[in-house]
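Use the sequences and the hints to build the structure in full.
6 protein chains.
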Amino acid sequence: MEKNIYVRDLCPGDTIRDVFLLAEAQRAQARNGPYWRLVLQDSSGRVDAMIWSPLSEHYDRLEPGMFAEVGGQVGSFKDKLQVKVEALALLNGESPDLGDFLPRSQTPPDELLEALEDLVLEHITHKPLKAFVRRVLKDDEIRPRLLNGMGAKVVHHAYVGGLLEHTLGVARLCMSSCDLYPRLDRQILLAGAIFHDLGKAWEMTGGPENGYTDAGQLLGHIELGLEILGPFFAKARDLEPELILHLKHLILSHHGEHEYGAPVRPKSAEAFVLHLADMMDSKLNIISGAVDQLEQTEGPAWTPYQRFLERAVFLPVPTPDTNNQRKSDSPENQCFLPLKG
Amino acid sequence: MEKNIYVRDLCPGDTIRDVFLLAEAQRAQARNGPYWRLVLQDSSGRVDAMIWSPLSEHYDRLEPGMFAEVGGQVGSFKDKLQVKVEALALLNGESPDLGDFLPRSQTPPDELLEALEDLVLEHITHKPLKAFVRRVLKDDEIRPRLLNGMGAKVVHHAYVGGLLEHTLGVARLCMSSCDLYPRLDRQILLAGAIFHDLGKAWEMTGGPENGYTDAGQLLGHIELGLEILGPFFAKARDLEPELILHLKHLILSHHGEHEYGAPVRPKSAEAFVLHLADMMDSKLNIISGAVDQLEQTEGPAWTPYQRFLERAVFLPVPTPDTNNQRKSDSPENQCFLPLKG
Amino acid sequence: MEKNIYVRDLCPGDTIRDVFLLAEAQRAQARNGPYWRLVLQDSSGRVDAMIWSPLSEHYDRLEPGMFAEVGGQVGSFKDKLQVKVEALALLNGESPDLGDFLPRSQTPPDELLEALEDLVLEHITHKPLKAFVRRVLKDDEIRPRLLNGMGAKVVHHAYVGGLLEHTLGVARLCMSSCDLYPRLDRQILLAGAIFHDLGKAWEMTGGPENGYTDAGQLLGHIELGLEILGPFFAKARDLEPELILHLKHLILSHHGEHEYGAPVRPKSAEAFVLHLADMMDSKLNIISGAVDQLEQTEGPAWTPYQRFLERAVFLPVPTPDTNNQRKSDSPENQCFLPLKG
Amino acid sequence: MEKNIYVRDLCPGDTIRDVFLLAEAQRAQARNGPYWRLVLQDSSGRVDAMIWSPLSEHYDRLEPGMFAEVGGQVGSFKDKLQVKVEALALLNGESPDLGDFLPRSQTPPDELLEALEDLVLEHITHKPLKAFVRRVLKDDEIRPRLLNGMGAKVVHHAYVGGLLEHTLGVARLCMSSCDLYPRLDRQILLAGAIFHDLGKAWEMTGGPENGYTDAGQLLGHIELGLEILGPFFAKARDLEPELILHLKHLILSHHGEHEYGAPVRPKSAEAFVLHLADMMDSKLNIISGAVDQLEQTEGPAWTPYQRFLERAVFLPVPTPDTNNQRKSDSPENQCFLPLKG
Amino acid sequence: MEKNIYVRDLCPGDTIRDVFLLAEAQRAQARNGPYWRLVLQDSSGRVDAMIWSPLSEHYDRLEPGMFAEVGGQVGSFKDKLQVKVEALALLNGESPDLGDFLPRSQTPPDELLEALEDLVLEHITHKPLKAFVRRVLKDDEIRPRLLNGMGAKVVHHAYVGGLLEHTLGVARLCMSSCDLYPRLDRQILLAGAIFHDLGKAWEMTGGPENGYTDAGQLLGHIELGLEILGPFFAKARDLEPELILHLKHLILSHHGEHEYGAPVRPKSAEAFVLHLADMMDSKLNIISGAVDQLEQTEGPAWTPYQRFLERAVFLPVPTPDTNNQRKSDSPENQCFLPLKG
Amino acid sequence: MEKNIYVRDLCPGDTIRDVFLLAEAQRAQARNGPYWRLVLQDSSGRVDAMIWSPLSEHYDRLEPGMFAEVGGQVGSFKDKLQVKVEALALLNGESPDLGDFLPRSQTPPDELLEALEDLVLEHITHKPLKAFVRRVLKDDEIRPRLLNGMGAKVVHHAYVGGLLEHTLGVARLCMSSCDLYPRLDRQILLAGAIFHDLGKAWEMTGGPENGYTDAGQLLGHIELGLEILGPFFAKARDLEPELILHLKHLILSHHGEHEYGAPVRPKSAEAFVLHLADMMDSKLNIISGAVDQLEQTEGPAWTPYQRFLERAVFLPVPTPDTNNQRKSDSPENQCFLPLKG
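Residue numbers (my numbering), protein chains in the order written: chain D, 1 to 341; chain S, 1 to 341; chain Z, 1 to 341; chain U, 1 to 341; chain L, 1 to 341; chain E, 1 to 341.
FYI, nobody ran anything at the bench for these hints, they're computed from the structure. Wrong hints could be hidden among the right ones.
Reference excerpt, derived from the structure (chain L facing chain E, CB under 8 angstroms, subset only) [as the list claims (entries may be wrong)]:
| # | residue |
| --- | --- |
| 1 | L55 |
| 2 | R172 |
| 3 | R311 |
Label pairs and their calculated CB-CB ranges [claimed, not checked]:
| # | chain 1 | residue 1 | chain 2 | residue 2 | range |
| --- | --- | --- | --- | --- | --- |
| 4 | S | G65 | U | G33 | 29 to 39 angstroms |
| 5 | U | E257 | Z | S53 | 45 to 55 angstroms |
| 6 | S | D97 | E | E257 | 50 to 60 angstroms |
| 7 | S | D179 | E | L90 | 54 to 64 angstroms |
| 8 | D | D60 | E | Y260 | 15 to 25 angstroms |
In silico lysine to aspartate or glutamate, DMTMM-like type, Cα no more than 20 angstroms apart, as pairs [to be verified]:
| # | chain 1 | residue 1 | chain 2 | residue 2 |
| --- | --- | --- | --- | --- |
| 9 | D | K80 | D | D48 |
| 10 | S | K84 | E | E57 |
| 11 | D | K78 | Z | E117 |
| 12 | Z | K138 | Z | E117 |
| 13 | U | K130 | Z | D321 |
Quantities reported herein were computed from a predicted structural model and do not represent experimental measurements. Even glycine gets a Cβ: it sits at the ideal position worked out from N, Cα and C.
This is how it looks when you write it as structure tokens:
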């Protein structure tokens with residue numbers, strides 16, 4: 001079943017009938033019967049929807065993560081669109097294309113992975129290390145998980161490609177740090193950056209509900225990543241044990257401090273750099289997402305309170321840029337995220 | 001009086017007579033009289049020295065920071081050089097050239113400052129901001145303090161030019177972050193990087209003893225920096241108040257967290273970047289200094305415990321670099337510190 | 001338009017028509033239409049109000065901080081007064097007298113400021129310091145902000161005069177500490193007490209919504225206070241630099257610990273005293289406000305949980321006071337707040 | 001045996017023979033035999049002393065806390081007085097008057113206790129409470145312990161009367177807080193101030209070595225104080241149980257936070273005041289002691305690092321006081337400690 | 001009035017009339033009048049109940065902790081039972097048997113207390129200590145409070161017998177630690193385990209509402225326990241003071257760290273063991289309760305987030321036990337709680 | 001070369017010649033030449049030794065961890081034995097039996113390991129798990145490392161067998177917790193207890209110097225243990241993946257909190273128990289060692305300050321034990337450590 005109607009295009013007065021992902025579903029009670037408050041989602045966005053009584057009484061269990069074909073009228077309430085549902089049928093058996101329903105990174109995941117592989121070619125000259133990194137990235141079990149990896153967040157914030165986007169951002173920060181501090185070992189640092197969050201692809205289930213796996217909660221993504229790499233280390237017979245030791249240390253210490261869940265703290269210069277690059281890319285990702293949701297695109301403005309940053313973020317008035325006027329109009333400028341080389 | 005004999009060149013058996021800075025001076029007691037344990041310093045390094053009784057009894061007050069003409073014999077004790085002092089005369093009145101006695105940054109301070117000014121020309125296009133930054137850097141009172149600024153450490157670790165070296169390192173890290181995250185306002189971030197530690201030039205006395213000033217201890221370098229900039233802000237009438245506000249915020253928040261002495265925490269994307277760049281350059285400086293004092297230049301090796309990092313640092317075995325063999329021989333490779341240009 | 005009807009005087013059965021400040025305004029949804037739950041405020045207190053459907057549908061945006069002329073019937077619901085709104089018109093353009101709508105300190109702000117100035121006359125004998133303090137307090141821009149300053153809280157807790165009341169409380173505590181510890185420098189300590197929270201008058205917008213200003217959030221009230229004082233320091237040419245340094249230190253360190261946002265910790269005896277006096281007056285203010293909202297005026301009783309104290313507060317049974325019976329009837333006894341000299 | 005020679009009066013060249021307390025005693029080793037480094041103490045101060053070989057070999061165990069009759073010559077070493085011991089005999093059996101050997105509060109302990117009792121008469125009007133407080137203070141077991149109580153420190157910092165001095169300081173601070181915040185219950189607060197550290201008189205052994213008792217370490221002074229008061233509470237049949245409850249709470253919570261060892265945190269306004277008054281008097285005591293050991297009596301100057309304050313303390317330049325010139329010459333001005341009435 | 005109908009036995013369609021405890025009672029507002037949402041409780045469980053308008057308007061004050069005779073129809077809503085109330089009369093004067101309305105420990109409290117007394121007989125051989133412990137446990141005021149003590153929780157989690165169950169669990173853990181570490185003094189440790197939470201029986205009011213007493217909040221259960229024991233210590237003239245001191249220390253230090261409210265930290269081996277046994281039994285109690293509320297009885301499964309553990313708890317797949325098949329079917333296996341010897 | 005003379009048997013006046021381990025070696029300086037202060041060690045204890053000038057000048061590098069044949073005279077200094085060295089020859093090439101020179105657990109390591117294996121037989125009935133555990137314990141590389149493992153300490157505190165002693169202590173505590181809380185999965189918990197510190201046998205080098213390995217510092221013993229177990233997990237094809245997951249979780253979480261280096265916190269009941277048992281056995285080990293070094297064997301007494309416990313430990317007066325008099329004489333009573341069977 002092909003999807004034709006996307007949330008982004010809805011207008012008051014539209015009549016709709018198409019498949020959506022239920023992002024939220026809550027039954028509430030009025031005196032004269034229950035009603036359902038839903039949030040419908042597809043890859044283009046989200047919209048509120050209501051099932052009023054008596055239709056509401058036909059539905060016992062509507063739950064986030066379900067797919068449903070929804071028919072209804074688009075109206076508006078308090079300046080926001082709201083769909084009045086007139087018919088709703090859950091999709092059983094049928095498995096819609098997830099890509100139509102989940103948000104995605106702006107750059108397609110395969111391009112992000114390609115960019116990572118280009119970095120390997122550019123920076124890693126030691127053949128055993130290069131072979132090791134490429135073998136992992138090309139592995140049939142690992143590659144698809146990387147391409148679909150969603151970063152460390154719940155469904156309404158995550159997006160397919162998020163894990164690769166973060167990995168690429170950290171890798172690029174590390175490489176430009178090596179340009180500035182030439183004593184750093186850029187080869188092992190790049191390998192560390194590429195694999196530091198590898199375990200996240202197994203820590204979460206992926207898919208619409210994107211919860212944590214049992215293994216994710218019981219072992220954590222650091223241990224999971226090392227377990228995935230284990231057999232590859234065993235096979236990389238010409239990769240020096242000292243380099244394997246350093247690479248493992250980079251992965252184990254990238255959270256920086258015990259209280260952030262690092263079993264060991266950074267002990268080498270490269271481990272410090274990886275930790276700080278991880279911090280910088282994560283925080284800029286959160287800020288970028290928060291700023292994207294502001295109505296105004298130029299400061300001064302404040303985002304809502306960001307729980308993970310424990311503060312609201314300020315979007316300042318930008319310094320006028322005489323030379324680079326066109327730059328501020330280019331689409332890649334809309335994003336804090338790393339540009340492709 | 002010209003200095004001819006440098007610590008770096010001493011050999012057992014040498015007879016010396018030249019001026020040195022007393023880096024340490026302690027009187028100890030043996031039964032048959034006191035003796036002095038000194039550390040003599042010049043810009044090339046440090047060496048132990050002893051004044052045995054009865055000569056020792058001629059000296060009542062030898063204190064770190066004094067200059068003295070020292071005559072004696074170079075011997076060795078426990079595999080380290082040790083000077084047996086035969087004559088010592090404190091320099092009164094005469095004021096030796098500090099540059100002969102204090103360690104210095106590898107790159108001369110004026111070249112570091114020039115590199116900073118080049119960054120301004122390259123990245124700041126907004127004329128009022130450019131004029132403001134350049135006016136501060138060229139100020140007659142500020143410029144010499146910047147050129148002699150020593151970083152945040154006690155005499156035996158600090159070096160002339162350290163403040164500029166750190167400032168340049170942070171500025172370059174910020175600029176390469178802007179290459180990767182184009183939404184960042186690189187102009188104001190560069191200004192913030194350049195002035196974030198400006199107050200340090202007033203926080204410490206400079207000179208051989210390099211203690212904290214009263215104002216340094218009572219106000220801190222953040223407030224001192226803002227006070228220095230105050231009159232320049234007042235005069236920069238065409239510099240937009242919103243930019244001044246953001247620039248002040250960058251300086252006030254660069255310690256990142258209240259517990260590190262930041263009166264406000266970073267609220268803008270640029271403020272996060274400045275804080276993390278400051279962290280990265282500081283930590284890599286400490287590691288670089290610790291590694292320089294190891295006898296072996298290649299890993300695996302551990303530095304002594306680094307109090308400010310709260311750990312010993314590991315110098316790992318480097319990944320062999322087939323392509324860039326010559327790079328590893330070049331002198332700038334000996335240092336984690338930022339390369340010029 | 002003169003205000004005649006005050007919240008404090010409402011009774012069930014009254015018909016009202018007068019201007020009120022909307023302290024809260026929330027639209028809720030019932031099946032058969034939306035309704036508005038309001039809280040109406042004037043300087044005498046607050047009362048709930050409801051706009052039922054269909055009248056409710058006439059109002060798209062009612063927001064806290066708006067002024068409205070409200071007509072309706074006073075009823076009661078669950079033992080609390082509730083106004084059933086029959087007509088509501090927002091005030092545009094017209095600017096009502098804020099003093100009619102915001103809660104106020106018991107003692108009028110100008111008397112509080114006068115009391116502060118009396119303390120200056122009584123305790124500061126050093127002419128340059130006395131001149132400096134008086135000049136700031138009499139400044140045309142500063143004085144009205146001080147008189148309207150509201151303390152560090154959101155609209156429904158703050159009151160006009162709160163900043164001065166706190167300042168006076170801290171100043172008096174400091175002066176009585178000097179009576180007990182005569183080594184303390186009471187003159188500089190009084191100046192520090194008077195100016196320690198000066199920046200708060202710029203940190204918040206004041207007025208009915210009383211939010212934080214951008215500068216308040218980006219610089220904080222400590223830095224704002226120092227910026228306000230800057231030009232006065234510059235002009236006070238006969239005020240000794242050492243005294244200015246100490247006074248700045250008192251302001252910078254009054255939060256006591258880095259984790260409470262102090263850029264420097266107290267280093268002088270006076271700085272310790274100022275910090276502890278600030279703590280005592282703030283906490284007693286919170287307790288006093290919490291106790292005032294209890295129905296019973298004598299213990300034992302517990303206030304609701306106080307978020308800023310992280311506990312509920314106990315109102316104990318008072319010790320019977322044979323001698324001072326009349327005292328307990330006097331009006332100033334109803335308040336923890338400092339009595340006028 | 002009457003003591004005639006006091007440390008305060010020693011001059012180089014003196015020959016002495018009198019009893020001293022050994023405040024420190026360490027045996028050190030030189031090649032040709034051991035020597036003892038002693039510190040001799042009496043109520044007027046301390047002086048270094050050496051027992052050189054071969055005399056040193058006669059002494060197997062010299063320990064801090066012992067009393068000894070010492071004969072010798074007063075000399076000087078490194079600008080400090082030093083006694084060369086020529087004869088030393090430990091006092092066995094004989095029990096010298098402790099008052100000759102331990103430092104004491106400036107105001108005699110009995111005057112301090114009298115001042116406390118005056119406060120009771122002045123402020124406590126409720127007869128059952130007044131009777132209770134007076135009965136405890138006059139108890140035959142308690143009174144002498146209070147008079148000799150030394151505060152919470154090791155031998156070389158403590159002084160007889162220190163506990164009472166602190167108690168009086170806290171009590172006065174509490175009473176002047178009540179003048180400013182008339183809602184406070186001054187009667188119970190005074191009782192709480194008087195007894196908050198009562199257990200300290202049992203927590204330490206007193207005497208020259210002044211260590212912690214087993215009970216002091218296993219129960220702490222808060223519990224010890226409550227145990228001492230227990231029987232008095234039981235006998236005070238007309239003292240209202242609610243007042244007893246509040247008084248116990250004041251004692252139990254006076255450390256303010258769990259991490260400072262408070263089993264419960266302050267819950268009443270009076271408990272907050274007692275905690276903050278305790279903080280203020282303790283910190284000002286430490287600062288006062290540190291400043292007293294500076295050579296210069298006027299600022300600017302820095303004390304050595306104060307371990308309990310975790311900082312060095314600044315003695316600022318005082319504000320000139322035109323009116324009160326004589327005050328600065330009066331002896332009570334030499335002290336931060338509370339003046340009598 | 002005898003209770004016949006228990007919550008556990010209700011089915012949709014039942015008509016009921018019996019007494020229940022109101023565990024929750026909230027009035028909510030619909031447009032056409034208020035309604036009450038209740039939770040009815042007896043010793044067998046809880047059930048939701050609604051009083052719709054206009055019946056709802058007859059009730060002004062329904063509050064948790066009240067007893068009411070309730071008549072109505074049992075229906076179901078959203079898969080849960082719900083009683084539609086048709087009549088409700090509050091019980092005044094009459095005092096129903098609490099045991100019918102509060103949840104209880106699986107093992108009756110008197111058996112738990114007996115088990116404790118058996119431990120005393122088994123392990124304590126020192127007559128004065130044995131006599132002391134038994135005298136406290138048999139005291140007419142203490143015994144009934146112990147039997148009804150509910151542990152440290154609000155009404156809907158606590159159960160009669162909870163305090164004894166915890167006490168017995170800790171005591172058994174301590175005794176088996178003594179089997180493994182024979183140097184431990186098992187007699188005093190058992191006494192400490194038995195009395196460590198004694199004060200909890202006075203810290204809470206017990207009964208249906210089970211709040212904290214004033215004394216509980218102002219003194220805490222550690223101090224309350226010591227006060228209860230005080231007269232027994234005074235009478236136990238042949239019990240050695242050193243043992244009393246150790247026993248008091250065990251009670252005072254059992255929270256382990258100052259930040260958990262311990263006025264002193266554990267100083268003896270026995271005190272460490274008591275603290276850790278207290279931790280283990282408390283945490284296993286919470287986990288046991290959380291697992292009991294899962295629908296599935298075997299893992300893998302996750303409990304909801306446990307606030308006091310700050311995590312969700314995992315119920316793992318159990319290791320198959322070939323030998324002990326029958327054990328896993330026995331009823332005592334359903335519980336983490338200690339088995340009776 | 002067989003060792004005949006043991007430290008434990010030395011008496012003043014003895015002439016010795018035998019091999020010792022240098023536990024400490026420091027060169028100090030007297031005016032007339034250097035001397036060496038050594039500590040000689042064998043499995044029976046330690047003794048001070050001095051090499052005076054001019055013999056001292058023959059030795060350039062004496063370092064802890066070296067073996068030397070030492071000749072000399074036993075004397076005494078300050079009530080302690082001290083050897084005056086008359087001849088000293090370092091052992092090169094020859095490799096003495098470590099067991100003669102390192103302190104050992106009271107119970108021989110092979111008996112401790114046997115006791116562990118007995119626990120496996122007793123408690124683990126699930127064949128795949130039993131096979132897995134036994135295979136690891138019998139592995140040719142693992143077994144000898146376990147038998148020589150020294151616990152987590154520097155040379156002068158560690159002893160051969162310490163790792164097994166701790167492992168056995170934790171395992172026994174876990175098993176007796178399972179007796180009390182029958183819902184616990186005793187089989188997997190025992191496996192977790194046995195392997196929780198397995199990595200420690202690779203974290204330290206063992207041998208006389210017993211430092212940390214590079215892998216120990218860069219990966220930590222948790223990760224090292226999991227790496228050792230990895231191939232055994234891979235081979236245990238009939239061991240259920242859910243059990244492997246739980247076992248890994250037990251190992252990963254046994255430090256309990258992130259700040260103690262746990263990459264994940266305990267999530268299952270068994271994980272909580274393992275963590276607390278690890279805490280209890282470690283702390284009782286430290287206390288036991290501290291008490292062993294007291295001169296008096298019965299309380300009351302205080303040990304010196306224990307850095308890892310951050311306190312001195314109290315040895316209380318024991319409760320008299322009428323029934324078990326003989327027990328207190330038995331040798332196993334001298335130790336807090338677990339008794340066999």
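Exercise for review: State the violated hints by number, sorted upward, taking the hints as numbered earlier in the document.
Suggested key: 1, 8 and 11
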